[in-house]
Every structure is written in structure tokens, then in C-alpha cells.
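Protein chains: 2
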Amino acid sequence: MAITSFNPPVRTLMGPGPSDVHPRVTSAMARPCIGHLDPMFVGMMDEIKDMLQYAFATKNQLTIPVSAPGSAGMESCFVNLLEPGDKAIVCQNGVFGGRMKENVERCGATAIMVEDDWGKPVDPQKVEDAFKSVPDAKVLAFVHAETSTGARSDAKTLCEIAQKYGALTIVDAVTSLGGIELQVDDWGIDAIYSGTQKCLSCTPGISPVSFSERAVKVIKERHSKVQSWFLDTNLVMGYWGGSTKRAYHHTAPVNALYALHESLVLLQQEGIKHAWKRHQDNHLILRAGLEAMGMSFIVDAAYRLPQLNAVTIPAGVDEAQVRSRLLNEFNLEIGAGLGTLAGKVWRIGLMGHSSRKENIVLCLSALEAVLGDMGADINTGVALAAAQQQSAS
Amino acid sequence: MAITSFNPPVRTLMGPGPSDVHPRVTSAMARPCIGHLDPMFVGMMDEIKDMLQYAFATKNQLTIPVSAPGSAGMESCFVNLLEPGDKAIVCQNGVFGGRMKENVERCGATAIMVEDDWGKPVDPQKVEDAFKSVPDAKVLAFVHAETSTGARSDAKTLCEIAQKYGALTIVDAVTSLGGIELQVDDWGIDAIYSGTQKCLSCTPGISPVSFSERAVKVIKERHSKVQSWFLDTNLVMGYWGGSTKRAYHHTAPVNALYALHESLVLLQQEGIKHAWKRHQDNHLILRAGLEAMGMSFIVDAAYRLPQLNAVTIPAGVDEAQVRSRLLNEFNLEIGAGLGTLAGKVWRIGLMGHSSRKENIVLCLSALEAVLGDMGADINTGVALAAAQQQSAS
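Keeping their order, the protein sequence lines are chains A and B. Under this note's numbering, residues 1 to 393 are what the first sequence spells out, in order. Under this note's numbering, residues 1001 to 1393 are what the second sequence spells out, in order.
Calculated from the structure, these hints are not laboratory results. All C-beta atoms in this analysis are idealised placements derived from N, C-alpha and C, irrespective of residue type, glycine included. Hints are not guaranteed to be accurate.
[Said to hold, decoys possible] Restricting the straight-line Cα-Cα distance to at most 30 Å, the calculated cross-link-like pairs of lysine-lysine (DSBU-like) are:
1. A:101 with B:1101
2. A:225 with B:1059
3. B:1220 with A:225
4. B:1101 with A:220
5. B:1220 with A:101
6. B:1217 with A:225
7. B:1225 with A:225
8. A:220 with B:1220
9. A:217 with B:1101
10. A:225 with B:1101
11. A:101 with B:1225
12. A:217 with B:1225
13. B:1087 with A:225
14. A:101 with B:1277
15. B:1220 with A:87
16. A:220 with B:1087
[What the hints assert, rightly or not] If you want the footprint, here are the derived chain A segments under chain B, 3+ residues with CB under 8 Å:
17. 15-22
18. 43-55
19. 191-204
20. 226-237
21. 247-261
22. 327-339
Excised from the complex, chain A in its bound form (with noise of 0.2 Å):
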């Protein structure tokens, strides 16, 4: 049988990514496809970069989008500033920091496992002694905003302590960039990788970066080359770089990187600063509706991140019922819980253009319709009620 045009249903993304595009991007990516050496295209790179400098509020020059989803962005960081026989400390606190540690050992190098539970942010003093056990670490390695959990670590800290022992950081900003404060200068990030599926209201596919001086002088300085060719930053360098001469790496997305820009200018448009105070009142509306409702929250409110809402599921219910139904019902998505949390949470997202308050209205009221049927037990005819006194506060 012939295949036909795929058309998707119209849903509304509540999960943990990718979230609601928003239409100018999609828009942006329909646009003609011109040549990836065109000098318009050029031109368009450099906006991208320059937009980019704000988004992670930083003045270093190699920050550029990766030609690839978030994923390469961490491979990027890890293989360009790892090599074989090095030693990173890695923090894991959810599904992410056990990818960092993937990434290391497959450089070669050895990763010093820093645990928390899932669910908390990491212990800084947990990675001090971890530095003390192992001063010559190169590299520290935690994750912002942990997309499994919904749980914020407190980079600035985490940072310092690396700084004390002469180490480079590398940091997961994929679901934080965006959503909450983040200052790559300020706080002295070396490296940092991003996606644009998350708080920067974009398509999935391409992951920003950014590296210091300091990240910069290390990749020059490598004794082997990088392990993978497509994520090498010498090369990309030359065709992401300043000179108005680009050197052919790779063909960019060019499609991909017009949606990029253009969620970049809506979010300039709004300013960071207000798009971090959005993700955060519209968090305080969703909370109040659920908790009203009855669910609880299971990261503690001092380090909870607003676009990543992990939450308990009401005694008895098929979770994977609930949330199927809310999609069929409902065209809703929400997100089910990862690793060790399956099964036990749901994360409801609000990142980008998800976090919306017309967004949190049909979700409260989709799932107060979908566990009311199911006989679970909450409390009813209270949420809304809640948000709407949040929302006025």
C-alpha cells in the first residue's frame, strides 16, 4: 500500500521536550532553503551566534549550534576537552549524569562518580571531596536543570569549587537554558551544550554551545585529535568562525537553523530576564492547581525547576492509561517518569511556549477529568479555582 503525507495531530506538548514550537519558528523553517555557504546564510550565522551570546549570557566567541540534537552537544563538550587518561568528575543525580559518564569512559578517560539521590540537586560538598581525593580531575562535569528529576543544582557553587582546583566545567543546559538563570560568564562555565526543544519555544535538532577561552586553549593544546571528526572544534571552528572566509566542514540544517533564529529573536523579544519570571509565575499557577488538587511535588521548592514539574501519581491509577488518555482525549501530552523515578512520577512540562496559562487551564482540567473517571483519589472541583487565585496574586 502506498505511503501517504504524514499529518500530525494538533497536540498540545506538556512533557519533558520537545515542547510547543512556536508558530513564527515552524513558520521560520518553511522558508526557502538557500545554499550553506550563501552570504546571506553567512550573515544569518552570525546573528544566530550573537543571539546565542545572549541566551547563555556570555561574551565567548566559540558559541555555536551543533549540527545535531542535544546529545551530540554533550558529545561535543566531552570529546573535544577529554583525552584518553584524563580523569573528570561526574556528578549523577538522574538519567543525564549517567550519560556524562558514557561519554567520558568511550574518551578514554575515567569518571569519579559523585552520587546524589534522584530527585535532589548535587552536594556541593560531596564534590569537594571528591576534588580532594582526586586534585588533578580535569574536568567537572553536573547537570543544570536534570530533565529526569526536575531538579536544579546550583551551578555558580559547583562552579567555584571546580575554579579552586584548576578544573574546566561542563555543564548540561538543555532543559535550563532559557527557563532559568544561567550566566556562563559570570559563573565561569568552560563548556556548556544546550537543545532547542526545550525552553527556546524550537523545533528538536540542534544543540547550542558554548566554550571559554580557557575550553578553547585546551582543544588547541590536545596531544590526539579529537575522536570524532563531525564534532571536532577545530574544524567546526572554521566555518562557524569570525573570518568572513568559511572553510566547507558540513552542510548545516539550513532549514533547522531559521527556526533557530527566529525562536532566538522571540527571545529577545521578550528579554531573557522575563522569559526566566514566565517560566517561574506560571510554575507558582500549575503548583497551586495540582496541590489543591492533591498531588505533591517531589523535588523540595528550594531547588525545584519551574519548566520540569515531577509529581507523585494519585493511588491507584494506571499511570500509562492516564497519560494515553489524556492524549487521545485530549490531544495533551505529559511525560512519564525515567529510570529509577518509571512509573512512579509524571513530569508535566512547561518550557518555552508550553508555559502558557491557557496551557495549565487544560492541563488541570484534563487531568482532573481523565482521574475523576478513573475513580482516583483527588480532590475535585478545586484546582482551577486554586490557579486562578495564584494567577491574580
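Using the hints provided, position chain B relative to the given structure of chain A.
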């Protein structure tokens, strides 16, 4: 100064890629984003796999799009099949053989180079000789259609030689897929990668790959882990695999895959044999016009690619200025020479949706106008008639 939305010019893309994107493809790309684990998305993934099998002429189960450009597809083939200490025979007759060598060496393997002049196909006798010298080579790697020169190598014969010596084959089909005959199963290719931005009429950024059962067995029996986490086929198979339960690996570039899906629907509707014939027919029309103008091809007709026309530059003109005027006055992009051919040739692409008679007529007319104006030594007033005569034949 605030950066505003980017509105690209409308170009005609007749360089080495990206080529013109079919409007149905850009429209598909702008459809609403849905979750990468949404059942509707998983269904679309299966359709993409089916249609890629059709395009590659293979039944290989592991036939998927890598979520990154062609260079990542290349790297995916090498890092999955090679381990430190392995030997690979690499054929170089243009830019991309050199990139293959880089990939082999970054895997800790040894590259045995088979060199041919740029513009010539790979010489099977030299490959046979290389296997006689290095009978334990694990891999033979070559480029089917060299984008840097416009030469086609005899993939079928080269694969037969590799099979005689028990070696796996890695084939670069970035520019060949959809443009000229390619038979993955019949020719016994073990690993192949392509790009979306050439003869598939799609936007750049995704790399279709396919691995034979023999290659999958080699990957599963590796002694060492694949050095790239992002490209580790053992992990990617869990996401793109046959089961209905997909394991999260990375967030797929959802909208870019809508585009690929639509481009593959277009290919099925046209029929792949018809697409090959269209590329050949249009090449002959362009050729008639260019030759009437007095320009000549650097590749012999016997192994000339119809989709990538490398032609000499008329004496006495500044080739970069010609390209610049074509771009600025006619919104027409043609390609410069790469590597040893830089400054010596133009590369005129007739790939995918660019391979249309209206594009040929524009290209011949614009070239004649600009070259004539610059006083180049060409025959004027004859190109269009010659093209028309060929078209009618």
C-alpha cells in the same frame, strides 16, 4: 541594534547541495511538532524506514535516518564497524575519500589508501592489489558518487572484490541516492550513508544509513564500545528498532523527519527508476547547452554523474566573480571547485527537485549573459537551441 526575523532570498540551487527543496517538503516541515515518543510519530518512523528501504533497494532492518548531516552518517558507519587495530582500505579520488581516512584513523584503525586522480573513478585493479597486499583488511570504503569531482565509481565491482576477500564495504552515497542506480542488496553493500539535501529534494540535516545483517553482527560482537555514544548503533536500534516499545535514546529532530518523510513520499510517487532517468535526461540537456557554449566536462562520459556537472571555466574570467554575479543578478547558485579543483571548475548540480528543465534554461541563459558581459571566450546564442534539440530527441 535588535536582530529581526530572517527572510532568505529565493534562490535556485544548482550547486553541489543543498539543492532545491520541493515545496511539499518545506510545507511538511512546518507542520505542528509532536512528541518523539508519540504513537503517531512512531508510526511515521516506521514509514520512513520502509521508504528508505525502497530508496536504497534493500531489505536491511537497520535502515534509518541518523539525526545529523551526512558527515555524521559517514562517522556512524566507521565508528560502528571499526575498532582500534583494524585495517581499512580507503579509496580516494576526491575530497570525501580524504574525510574517510580521517574517520578511520580517529577510530584507532589504519587506513590503506588507494589513490586515483580527481575526476577519475576508483580503479578496481588498484583495489584488488591493495587486498593482495593487505588480505586481512576488515573494510573497503569508497565514494559511489564523488561530489567534489562528479565521477561515479563502479560500486558493484568494488563490492565484489571486497566480498572475495571477506571484507565489509562502507559506501558513501551522499550524492548518489535517488539520482543514479544504487542497489544495496544486489551489490552486497554492508554499510551505506547518504544525505537528504542532494537528490532527495529535502532540506539538509539528516543522513539516511543502512547496515546489512553481516554488519549488524559485526557491531553486536565488538570487543570495545563504539567511541561515539550519540552514533552507537546498538543504542540507536533501541529507538528505531522493530519493537513497538521504543527506548529513549535522543530526541529525534521531529520536523526535519516530517520533511524527509514527505521527500520519500515524493520519490515513491515518481518511482525511483523514473527519478534516475530524469536525472540522466536533464543532464544530457544541460550538457548539450554547455558544450554548445564551448565548455567542457572534466569527467569522461563513461563515468560522469548526471547530477553533478563539473565543467571547466572559460579562459580569462574571474570564476568567483561569475558565481557572485549569478547569485546577485539571477539568484542562481552554482558551486565552486573543492580541494585540488578549487578555481579550476564549476560544479553545476542537477539534483532532486533542482533537476528540472526550467532550471537548466535559467542556468544556461544566466551563464551566457554573465560570461558574455565579462568578455569570456564562449559561443553565444546557441546554448538554448542545443538544449532544446536534445530535449526533443
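Worksheet entry | Those earlier numbered hints the structure runs against, lowest number first | The structure breaks hints 2, 8 and 14; every other hint is satisfied.
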